[in-house]
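Engineer: Once you have looked at the hints, place chain B on chain W.
Chains W and B supply the protein sequences, listed in that same order. Taken in order, the first sequence gives residues 1 to 590; the numbers are from UniProt numbering. Taken in order, the second sequence gives residues 1 to 590; the numbers are from UniProt numbering.
If a hint is listed, it holds; no wrong ones were tucked in.
Repeated chains share a single entry, so a pair holds when one copy, or any two copies, can fit it.
Taking lysine-lysine and the DSBU-like style, the derived pairs with C-alpha atoms no more than 30 Å apart in a straight line are:
(1) K536 x K322
(2) K536 x K459
(3) K322 x K529
(4) K249 x K239
(5) K572 x K551
(6) K64 x K125
(7) K107 x K67
(8) K260 x K239
(9) K107 x K125
(10) K529 x K316
(11) K107 x K266
(12) K119 x K107
(13) K210 x K560
(14) K549 x K572
(15) K500 x K210
(16) K431 x K39
(17) K322 x K569
(18) K125 x K67
(19) K5 x K431
(20) K305 x K502
(21) K316 x K500
(22) K504 x K529
(23) K569 x K210
(24) K575 x K210
For the record, the hints were derived by calculation from the structure and aren't laboratory data. It should be emphasised that the depicted structure is a prediction, and the values quoted were computed from it without experimental measurement.
Number of protein chains: 2
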Amino acid sequence: MDALKEEIDKQQTLFNDLRAQKADAATLDEAKKRLADLKKQLGQSKAAAGVKDGGKKRERLLLKTAKGTRDYGPGEMFCREHIERIVRSVFTAYGGSCVDTPVFERKDILTGKYGEDSKLIFDLKDQGGEELALRYDHTVPLARYLAMMGGNNTHSKIYQLSKVYRRDNPVMSKGRMREFSQADFDIIGQWDTMIPDAEIISVICSVISKLDVGDFTIKLNNRKILDGIFEVCGVPEDKIRPISSAVDKLDKAPWSEVRKEMTEEKGLDGAVADRIWEYVQHKGGPSLLETLRADEKLMGNARAKEGVEEMGLLFKYLDAYKLVDKMSFDLSLARGLDYYTGVIYEAVCEASAPPGFTASNALASGSASALSSSTAPITGNTSTKKPKKAATDGEEDEVDESTVGVGSIAAGGRYDNLVGMFTAAAAGEGKKGLNMPCVGVAIGLDRIFSIVWPKWVEKGMRSKETMVYVMAAGDGLLVERIRLVQELREAGIKADFLMKNKPKLPAQFAAGERDEAPFAIILGESELKEGLVTVKEQAWEFVDGKKEKKKSSDKGTQVKRAELIDWIKSTKVFKDWDLGRLIVEASETQ
Amino acid sequence: MDALKEEIDKQQTLFNDLRAQKADAATLDEAKKRLADLKKQLGQSKAAAGVKDGGKKRERLLLKTAKGTRDYGPGEMFCREHIERIVRSVFTAYGGSCVDTPVFERKDILTGKYGEDSKLIFDLKDQGGEELALRYDHTVPLARYLAMMGGNNTHSKIYQLSKVYRRDNPVMSKGRMREFSQADFDIIGQWDTMIPDAEIISVICSVISKLDVGDFTIKLNNRKILDGIFEVCGVPEDKIRPISSAVDKLDKAPWSEVRKEMTEEKGLDGAVADRIWEYVQHKGGPSLLETLRADEKLMGNARAKEGVEEMGLLFKYLDAYKLVDKMSFDLSLARGLDYYTGVIYEAVCEASAPPGFTASNALASGSASALSSSTAPITGNTSTKKPKKAATDGEEDEVDESTVGVGSIAAGGRYDNLVGMFTAAAAGEGKKGLNMPCVGVAIGLDRIFSIVWPKWVEKGMRSKETMVYVMAAGDGLLVERIRLVQELREAGIKADFLMKNKPKLPAQFAAGERDEAPFAIILGESELKEGLVTVKEQAWEFVDGKKEKKKSSDKGTQVKRAELIDWIKSTKVFKDWDLGRLIVEASETQ
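Next up, chain W with everything else stripped away, as it sits in the complex (with noise of 0.2 Å):
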């Protein structure tokens, strides 16, 4: 290696004299180009040696969360908590209880329930023992633990809340990440037709309308509905979740790149896939049941048929939450999971949607004009990849998957037959399974927050709920300070002061300032000796895009120590916060 050293130096050494004697371009790159392969091989040389030496740098840490996972700092868990607050309100609103499984299971659980995704599950280290795997949602898990309970569950409505893990190519910036939060409610158990499903559809609705994420339409299918065009069109048995799958991606690209994937990819005949885009084109509101009714083919076909039951019985109860003019049923969603056996859905709002989505413009209209123009199929080449302009029928742009949105913000649908399949599985050969069906959906929240976040950030929303800071002039008057903290702590007042034996009143200002406390308390000597306190109201304001402590000229209110509490609490800001009334109002005025 030194021999190797010694070469690079005269060579560099050559170089540098050919160019200080400017020789001719083609002499120059030669050399040049000598002394890169010969750097080259002294790299390669090093690291097959493990050089210390070179190693120097390698060995500094680096100081980074894991890829597609972040930290979510004091501001942005105010945001997610209040996020939270709102979803879990929504969710034992609606008679949901919680449910709390662990962040891995053993691996066969989740073994053979996501189709292609599989590969994207995080795998544990062998180190002894069983074979564990970080869950991949929240929907196999539960029906783990529902057939884990078999018939002892008494409770129909269930919500989780907590993270999940996909070793997927994350989009940290649109909420797409390998560790991010979800929020699922289920129902579970035998229950008279379509009334879960709509139940979950509210629930999304209630959701989503309490957040400040803008308008919103729910995609609406069954995959009985579809699993019956397929088979009417003439796709084989075996063919049809992979033909799904590839519907599927037509909301991400255009036809003729899933009419490759069926024929070519897949091996579909090309006059079926045909026939399938004929189908899948259709989106509308309650009156494309009439469309459907109408096919005479496809009412031939039983599961088809009785889909299309469904779905007719799904908008009238839609009908009584007053919930229709926010769907938008719609013939090409697919879902990819594989465990789906009904009604499917998906909410997308305006901020997750593609650029140029507006939520009327995918949106079913309730006027049966409007939905039989945008029924009908479309034909011709519509296989473009480049965007093209919203057409009046209501269709949504085709666009290639860089300038789609954060996505759909909650999707799921109704599978009958997952927790059957793991006491099945569980019982051994043979055994049939529990009758268990479910219908859920699942909430993401990192989409949500990714929305909301930079409008908190443009309101200038605290990040802290500190009402109080206690200061003190003078001589410090420490333990003053943490008594009185103490006090108004144990009265559910929350407080705080600066911890330092004799800090200087500009600075415990500042530091209260920072914390945004609505009340500043001044203790003074000879004040608390008469029993008083001084109270100080702050408030903060917006100017030019930066917040700012409102200017006052208010001296201070002096209170009688003994009666602090009582005034603290009779004020108009504390029991605003003490409702949650500044959080909320701030998020829906706009």
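Structural biologist: Positioned in the frame of chain W, the structure of chain B alone reads:
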């Protein structure tokens, strides 16, 4: 193998015949043994051949959670969420801001932080890309976060509340698991000595007092004193941490065992070990400081002197917090983790302590007379394995591991160098790290749960928040039920209904009773036409340890449909629930 099966059949027939003929015992035994041997042979040849037939049983899915983990069902989660709500409310009352880090870290972030226990880290499988591991605690990820933030973190009080992972031997019933929840509160930055440390101890006391876990004690010590003692006793510098680890075991093992570990395993001179023993038996209150200050040899050690001064200041501040009588200054407290640099502490409550422990036993008495006796070192033979009766001097019994309770429910200390270690390692060799002293605590939520939950079961606590169950007499009135339920939910009243078209009234009452909903609303067609609904209040009571619906002759109240929401909101039951009082009350009274 078929020959073997045939032979087994023959032998079985022979055995049956012999038994039918009432052959003598020896003959029967002989035949039985031969049969068993043959069956065993068959089993072995099947296993060797990997026969499908014999493998049927092994193919059955094991329906269970991973070792050391568990599901939390609805009732349990309702209790856990109650605990977490209390913890959060205390954390924010003290000015804490929430931070959330990913569940896994790059492996090198965790390496070298946990001493002997590093073997307990859960690694992720190498699936290409980074080497990853599940977080072992919240302290190291927080330090990594702070190091990444550099000077940009403006939050001095940070809390975290989520799960951590250790491949330890689980004891589920005591809340010792491989996946467990920790609530951490940390104070970051350069404040005046011991003020943040006192704040943290106050946080611990506030949290524990608000939970239904009984009386408790905070064991206190200081690594500087402990290390000073080791130096003075003659422990070589490189043996200080290992010897400290040995001392840490004194709450579970008798001195004889710990001494053996010091001398035989860790090569310490026996005389040095005995000098350590003279010190580490001391425990008491602030007056223990006098004993230490009077020890000239110890005070000649700079580290120990600094530690004693810190403890003096800490007790002064704890007096302002009115917490001195909860403290037990305990020189045998060492804590296992390497990164502590100053004050260390551990909270033990009666329910979590070994049998025979009472808080007043371990507690430093406030009176000086009690202290002087409790701080006198005990000499003589205390190295017996059998628990001895509690001594009057306030010593705890020595107990072996099997008789220990759930252990400490909270623990922590000061770690002044951890953040700096990260920034230095990231900056490269020879670079100085950020000076960012920290002090914090981790509260073990599963251990608290394992104490609180049995009490909830005993009290028959509810497991959900549903306030109103909407029912219909007669023809189902599904649409009317949906409309009313939706109105109630929108108004902030948690409501539910039976998801059937035309359910019988008793079935609806049964469902509402399963949820223990305090209000039943019954819709009737003719009543509705008059704009009226019937409301029945329902309550439950404990009869002979079983929860039962209170019998009532109440036929219900007719309320105007239009005034229903106001009517419900004006009831005492609703107001109590809305303020969370029913939960808090039930857990506070006992």
